[in-house]
Amino acid sequence: MMPILSMIVLIPLIIAALILLTKTKEQARFLALTGTVIVLLLTVYMYFNFDSTIADNQFVEFIQWIPSLGISYHLGVDGISMPLILLNAIVLPLLIIFTWNDERKSPNKFYALILATEGAVIGVFTALDFFLFYVFWELTLIPLFFLVSIWGGPNKHHASIKFFIYTHVASLVMLLGIFGIYFAAWNLTGTPSMDIPYLLAQFQFIESGIAKDMIFLALLFGFIVKIPSFPFHSWLPDAYTEAPTAGSVLFVMLKIGGYGLFKIMLPILPFTASPNLMISIMAVLGSVSIIYGAFLALSQKDLKRMVAYSSVSHMGYVTLGAAGLVSLSVSGAMFQQFSHGLIMSVMFMSCGIINNATGTRIINDLGGLAQKMPKLAVIMVLAFMASLGLPGLSGFIAEVSVLAGAFVNLPAYVIIALMAIVITAAYHLWALQRAMFGVFNEKLGTVLDINGYQTFSMGVIAILILYFGLNPSPVLEMMLTSSEQIVSLMAAMGV
Amino acid sequence: MDLMLFAPEITLVLTGLAVLLIGLFLPTGSKNILGYLASLGILIALLFTVSSLGTQATAFYGTVSIDALSQFFKIVFLVVALLFAISGIKYTEGNSHTEEFFTLGIFATIGMMFVASANDLVVLFVAFELASLATYALAGFEKKNPRSLEAAMKYFIIGSLSAALLLFGISYIYGATGTTSIPAIAANMDVLVSSPMGLVAVVLLIAGFGFKIALVPFHMWAPDTYQGAPSVVSALLAAGSKKMGIVAAFKVFIVALIALQAEWQIAFAILAVITMTYGNIVALNQTSVKRMLAYSSLAQAGYISMAFVVLTPMALGGGILYALSHGFMKAGAFIATAAVVYMVLSENKDSTDPDHIDNFRGLGKRMPVTALSMTIFVFALAGIPLTAGYISKFVLFSSTIQAGFVWLAVIAILNSAISLYYYAKVVKYMYFLPTNSEKISEPLPYTIALIIAVIGVLVIGFWSEPFIYWSMEAAKVLLIPGGI
Amino acid sequence: MAVEDLAFLIPLLPALAFVLTFFLGKKLPTGGAIIPIAAISLSFLISISITLKLLANPEMVIHQSYNWFAMFNIGILVDPLAAVMLSMVTFVSLLIHIYSVGYMSHDKAPSRYFAETALFTASMLGLILSDNILQLFICWELVGVCSYLLIGFWYEKPSAASAAKKAFLTTRIGDVMFLAGIVILFSDLFKIFNGTIPEGVYILRFDEIFTHIPEIAAMNANILGMEVSHITLITLLFFGGAVGKSGQFPLHVWLPDAMEGPTTVSALIHAATMVTAGVYLVARTFPMFIAAPDSLMIVTYVGAFTAIFAATMGIVMNDLKRVLAYSTISQLGYMMLGLGIGAVIGAEAIGISLFHLVNHAFFKALLFLCAGSVIHAVGTHDMRQLGGVAKVMPLTAATMLAASLALAGIGIPGTSIGTSGFFSKDAIIENAYLFGETTGTWIPYVLAIVAALLTSLYIFRLLFMTFYGKPRTNYGGHESPASMTVPLTILAVFALFFGGLTSKVFNEFVSGTFVNNFVNMDINELATIGGYHLASHGHHHEPTLILWMPMIVALAGLLIAFLIYGLKVVNMDSLVSRNNAIYKLLYNRYYQNAVFTNFFSVKVIYEGLAFAGSFIDRGFDWLVKWTGEIMLEAGESLRQFQTGAVQNYATAVIIGVSLLVILVKVVMEVL
Amino acid sequence: MMIPIVFYLALAAIIFSIGLYGLMTQRSGIRILMCVELMLNAAHINLVAFSSYNGDLTGQVFTLFSIALAAAEAAIGFAILMSLYRMKDTINLDSINILRW
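Residue numbers (the working numbering), protein chains in the order written: chain A, 1 to 495; chain E, 1 to 484; chain D, 1 to 671; chain W, 1 to 101.
In short, the hints are calculated from the structure, not lab data. Glycine residues also receive a C-beta, built at the ideal position from the N, C-alpha and C atoms. Some hints could be false.
For lysine-lysine, the following DSS-like pairs were computed, each having C-alpha atoms within a straight-line distance of at most 25 Å [what the hints assert, rightly or not]: (1) A/LYS375 x D/LYS191; (2) E/LYS349 x A/LYS25; (3) E/LYS349 x E/LYS365; (4) A/LYS301 x D/LYS27; (5) A/LYS301 x D/LYS584; (6) E/LYS144 x A/LYS23; (7) E/LYS349 x A/LYS105.
Reference listing, derived: stretches of chain D covered by chain E, where coverage requires no fewer than 3 residues with Cβ under 8 Å from a Cβ of chain E [to be verified]: (8) 216 to 229; (9) 422 to 432; (10) 660 to 666.
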């Protein structure tokens with residue numbers, strides 16, 4: 001069979017290179033669209049050939065790379081990564097369409113970077129070798145760094161450098177963790193290997209408990225910063241806010257932190273010296289992020305910044321759900337990643353549109369936009385409702401699964417999260433009221449509604465939000481399979 | 001004995017002399033032919049060396065040895081020399097002293113290569129000095145440029161000082177062991193170990209080599225010299241003669257003075273930490289790119305000297321691989337700077353600091369190839385994956401953890417995190433800051449040199465297996481008794 | 001095919017209507033009102049025929065259930081309780097829709113209106129049909145968001161936008177409690193099944209929940225040192241949700257403000273769809289409540305207190321719709337009280353309470369629609385500017401009178417003569433008396449009685465001020481079009497006669513809702529778990545006075561209102577003045593707004609916590625920045641070593657050498 | 001009769017230190033150059049002394065090489081100083097510090 005995973009990873013990168021050669025905006029965006037659509041088709045094909053009843057990796061590809069260090073080119077997808085790949089594959093073409101008519105300098109670089117990011121992110125989701133994993137992990141940084149620094153807002157340089165270095169430090173700490181597990185296994189078996197499943201399986205045989213905890217914490221830190229979770233979130237508001245709309249959406253697509261949590265942290269969690277400590281660390285981080293992000297979002301003046309903080313709050317559910325260690329909560333957390341990706345992309349698209357149309361994002365300066373932009377208003381209200389966890393929309397499935405599941409083991413933390421729900425509703429509705437409703441602020445001048453391309457891409461995502469809210473099974477089933485396997489592992493260890 | 005073993009050196013000597021002689025009869029206008037000649041000679045030498053990889057022999061009554069280690073480092077030197085020569089073609093354009101430039105460069109390379117294969121302190125010292133003397137002259141190549149002269153002067157004084165220290169140290173070793181042959185020294189160390197002379201000698205030697213490797217505090221000349229000397233020469237210094245110091249240190253300490261391991265391990269631990277931290281922190285707010293690169297190469301030297309501390313095959317292999325990668329990255333970076341300097345000077349003759357970071361504004365538009373390769377080099381230096389810099393850091397740092405020096409690895413990793421700041425700053429200037437000046441045509445030789453370096457960086461990054469293999473082989477030479 | 005197979009269409013048709021109207025409405029006349037009207041009338045037919053079928057054979061329920069995801073399902077359950085609710089909601093909502101055709105004719109976006117109302121109705125119907133608590137919660141939330149959209153229908157009005165937000169947020173507080181209840185319930189059942197849910201078992205379905213009530217009741221949680229049974233915890237949290245939706249104290253604040261929407265929306269919210277959801281929830285989970293110690297007591301007291309609390313505010317409002325709003329709150333209090341009384345009368349309570357709910361739906365819808373018709377005609381809803389409207393709009397006035405009689409509960413005890421309100425309210429008050437007898441606490445009864453007095457007082461005050469006498473200002477005005485008056489008339493008929501005709505059969509029908517082939521609950525057994533002593537069944541004999549009491553107070557209220565506002569024997573101005581403390585307290589609605597909105601939400605949450613949060617966040621940000629700056633500073637100072645004088649360099653080398661010797665020695669000593 | 005080696009070593013050490021001292025204190029480039037030569041010669045003394053004591057010639061050969069190197073070094077050094085002098089009319093090294101920090 002064809003190396004489909006290599007294709008969905010490499011095609012975007014190759015196309016990105018091609019786009020760099022293009023001269024005009026038309027060629028660039030056309031190539032970009034083709035590339036992303038190809039990836040989408042391949043992913044859909046893969047999705048329909050994916051067996052969601054087994055938890056093992058599928059479509060595996062394996063090639064020796066640097067044998068003397070046990071490094072190999074090892075790809076595969078499972079129930080954890082498949083939905084996230086699907087998410088990227090779906091949103092990216094729509095993102096290209098969304099930006100179809102935008103005017104910006106050097107569009108070829110722009111689209112090239114977008115595709116490069118897609119390739120790198122999908123690479124992270126498919127890599128089954130720590131070396132490869134880390135390579136893609138770092139590779140996601142660079143295009144985003146450029147996207148923010150070139151097309152970003154007024155404060156872009158500070159934001160991009162901060163994001164770049166902050167997350168790079170995290171990656172390096174994670175690398176230390178990887179080294180730890182790598183050599184621990186090497187010393188145990190005498191043969192080096194960077195293979196993720198193999199190393200995760202070896203982890204339990206490490207004698208020194210301290211070593212195990214250190215490795216776990218180092219890896220955890222790397223992922224937590226990327227998620228990002230309180231208190232390591234301070235790169236996020238700047239980066240998300242300063243990034244161009246497409247950049248913000250790509251940031252949202254960057255679900256690698258949570259992915260690492262499920263793919264790498266949970267399988268080794270029960271074998272750490274003090275699992276319960278680790279669990280409570282994650283639970284605390286998660287629940288605090290939820291309520292903390294909510295309060296901060298409430299206090300924001302800038303619409304996009306508010307959305308950024310709301311994303312901190314939402315990603316808290318991921319950490320909390322992972323810590324919940326009930327198949328429902330874990331799969332709920334995975335689903336939260338998926339749905340959060342969809343919802344936030346619409347949110348950021350809306351912010352971008354409002355910013356372009358009115359020239360400001362300060363909520364109090366807006367007002368009554370719904371009268372001028374009815375189409376946007378409809379989609380935006382839906383997105384906001386989804387974001388505040390309204391039933392029937394994808395956000396609710398995730399949150400209720402996380403809350404219900406996690407309550408079994410972590411009641412106290414769930415109560416904290418529950419308190420945040422009202423705040424969440426508050427800042428969403430308040431922002432809507434001030435920005436979209438009420439009397440139109442004439443100072444904004446003439447405001448035009450979203451164009452056909454934007455309507456299409458946002459509309460499609462909105463419909464998906466609705467669809468997965470009503471029928472989550474298409475992605476939730478495979479998540480459940482994977483999470484049940486993880487949880488059964490926990491149960492076996494009596495955690 | 002088989003002269004073919006020395007085919008590379010012989011080729012170089014001949015080339016050097018040929019360049020010198022032919023240069024005498026050429027009018028200034030047509031001297032740039034010499035550059036091509038030199039490059040050709042170096043290339044041939046490089047091919048000889050590559051083909052002789054894996055051969056194992058000693059010559060000249062055991063004072064010179066050909067082995068994986070020497071060949072590996074010869075490749076490093078020759079690659080750097082090649083980049084030096086190719087970019088030199090443009091640099092020396094219209095200069096009446098072209099032949100000196102290339103001859104000196106070639107002789108410096110010969111010196112380095114003999115250091116790499118030296119098996120006797122006499123040879124080592126002489127070759128060391130040969131390289132040094134040639135580079136002293138090169139540093140001051142721009143006789144009319146005060147900066148170049150000052151650079152040369154500082155380099156020379158500190159250089160000769162450290163030469164003296166080195167020789168003094170060697171004299172003690174000779175006195176205590178009664179021989180200058182490296183394996184023989186290793187064989188009868190007992191006197192030296194028992195006497196206080198041991199420590200003194202070790203420290204004197206560290207100072208002597210540390211000057212070339214540019215370890216804090218023996219580094220003081222480096223920033224000034226790298227900044228003041230012609231960029232192409234800085235490339236040779238940073239990428240080439242630095243490695244010479246490293247290989248010499250490898251031989252002398254790990255092979256000859258292994259009995260004093262405890263002493264010099266501690267010394268190197270201290271120096272490595274100080275050096276990498278100092279280099280990175282001071283590099284943070286430099287405005288001269290060459291100076292910034294100088295400090296960054298301090299930091300890199302710090303990383304490499306971790307190999308002395310860890311002292312496992314993997315660590316040494318990592319260090320050796322790092323030497324190669326650093327050769328490509330740093331030489332490339334300096335040559336890119338050279339291109340920029342060339343551009344600036346061609347725009348206004350009397351610009352005092354042509355390598356100021358402001359001259360990099362909008363380079364992405366003005367010199368796309370140079371900018372892109374510079375980006376790759378700095379990211380490689382920062383250790384971004386799929387570059388030579390990453391794989392070398394990977395091997396070196398991970399070996400540090402393997403050997404249990406977690407604290408050292410943590411320091412190193414934090415350092416490379418810091419370093420990202422000033423590397424990213426260069427990229428920021430090249431791509432994100434606006435410029436009013438327009439695109440210019442990039443000088444071909446520089447471009448070729450840059451492309452070669454980029455290819456090197458990326459190939460090592462992607463297809464690392466053979467490089468790791470050979471560096472490990474080289475490391476074995478050092479560690480396995482009687483390997484030499 | 002049998003009608004019960006069409007049950008799923010009941011919510012689906014309006015939902016479909018929503019989609020169609022949303023996309024096609026603009027192109028159709030009257031904003032495509034015809035689509036929802038047609039859809040809802042179909043739903044009504046289905047519901048009513050199902051109700052009749054269930055009436056015929058009491059054992060039967062309609063239940064269908066499908067897998068949704070994980071261990072959750074989607075399903076419909078039509079038992080007597082659901083059936084009557086369905087019929088009522090579809091009926092009232094249908095009339096309101098028809099009425100709206102006329103009422104919204106001048107609005108600029110009628111299609112959006114009809115789409116949203118259709119969705120509103122659909123989600124309420126879905127709520128009623130749910131066979132599991134999760135689905136119920138989902139529809140519950142949808143109802144909330146629809147109310148948000150409808151209250152904020154005229155979103156360009158800032159007051160409307162903020163009222164909508166207030167409504168959503170306030171109910172959201174309740175919803176969170178409800179959700180918390182569900183979460184706890186889930187984890188309890190999850191533990192009961194100890195983690196392995198068999199295939200095809202949906203643990204949040206009512207039958208599963210009810211069958212495990214004893215186990216849940218056995219679990220105890222320690223909250224602030226006191227042992228609370230999980231069942232109590234869960235039911236109270238559910239009740240919290242009900243309090244939010246059904247505007248019980250203290251979460252009733254949103255309801256009066258909800259007047260910002262079109263009057264028809266208010267009618268929909270108050271009569272048919274939204275507020276009754278809370279009562280329905282408690283009725284639906286009644287087996288849990290009766291098994292939960294103390295829960296029903298709290299329901300009783302909250303209900304009774306709300307009844308009187310709202311009534312007091314009703315007397316002083318000058319805004320037509322606000323009076324009605326407070327009356328709704330008060331009546332909902334009665335319904336809750338009715339359910340709470342279940343503590344002594346068991347399942348009958350459901351019948352009684354639901355009966356009042358249905359009747360209230362009729363007359364309250366009628367009241368609002370009349371008010372709407374008045375407002376529509378004269379363009380103001382300040383009663384002080386009205387008066388003598390009866391002359392202009394006789395039909396409206398007549399129907400309004402009917403509705404008021406029903407609300408006041410006029411009727412002759414012991415006979416089957418009387419308005420609908422009479423029968424249902426009377427039943428509640430009588431049972432409140434019984435409650436007093438059994439438990440020995442008379443507070444609920446007293447509150448209920450006084451509330452009854454106030455009720456008739458404020459409603460007749462409204463009646464006299466608006467329709468009686470001569471106009472205070474010269475407003476134009478005319479009788480409303482047929483599309484509005486016809487629904488009024490129909491509702492009037494129901495408000496007057498429905499109760500009298502159906503009271504007996506209705507109570508039996510609904511009270512038996514938990515005894516059928518889906519669930520079969522022995523309420524008395526559960527009551528013992530809850531520790532309630534049910535009064536002996538059979539007919540109770542209250543003293544005649546008690547029997548007549550509600551009637552008397554109602555008439556008394558009527559009389560007082562007539563004297564003050566009709567004949568003006570007392571000069572109100574002396575009382576109605578800013579320096580009358582009580583009046584001020586009532587008029588400012590006990591300063592809840594100041595407390596809840598201005599102080600709590602703005603000061604504490606927004607300015608307090610949120611900004612504290614942002615301060616902390618700046619701290620983190622500063623920490624990151626600071627690290628960077630330290631580095632740069634260090635770099636700046638370390639540079640200075642590089643003096644540029646070569647001697648210093650040489651010195652550095654030499655010092656370096658000597659230091660290194662010493663350091664190495666020292667370290668070697670240490671190690 | 002034979003002078004113990006310690007004397008030679010001491011002498012060499014002294015000369016070496018003088019060289020160091022000069023290197024640190026002197027301003028004139030020429031003098032600094034001379035100091036460097038002093039230090040080298042100190043090393044040479046060591047080598048020769050050792051070689052005669054160890055009784056093999058390596059040390060002396062080494063010295064010869066080294067002297068030659070020293071000469072070359074001196075040549076280059078003077079060349080550099082010369083051109084510095086041409087440009088700045090001074091060989092006072094303190095005044096030559098454009099490159100710093």
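Status of the hints after comparison with the structure:
1. A/LYS375 x D/LYS191: violated, 47 Å
2. E/LYS349 x A/LYS25: violated, 39 Å
3. E/LYS349 x E/LYS365: With Cα atoms ~22 Å apart, E/LYS349 and E/LYS365 stay inside 25 Å; holds.
4. A/LYS301 x D/LYS27: Violated, at about 40 Å.
5. A/LYS301 x D/LYS584: Not OK: A/LYS301 and D/LYS584 at ~37 Å, beyond 25 Å, violated.
6. E/LYS144 x A/LYS23: With Cα atoms ~45 Å apart, E/LYS144 and A/LYS23 exceed 25 Å; violated.
7. E/LYS349 x A/LYS105: Violated - the C-alpha atoms of A/LYS105 and E/LYS349 are around 33 Å apart, more than 25 Å.
8. 216 to 229: violated (count 0)
9. 422 to 432: violated (count 0)
10. 660 to 666: n = 5 at 8 Å, threshold three: holds.
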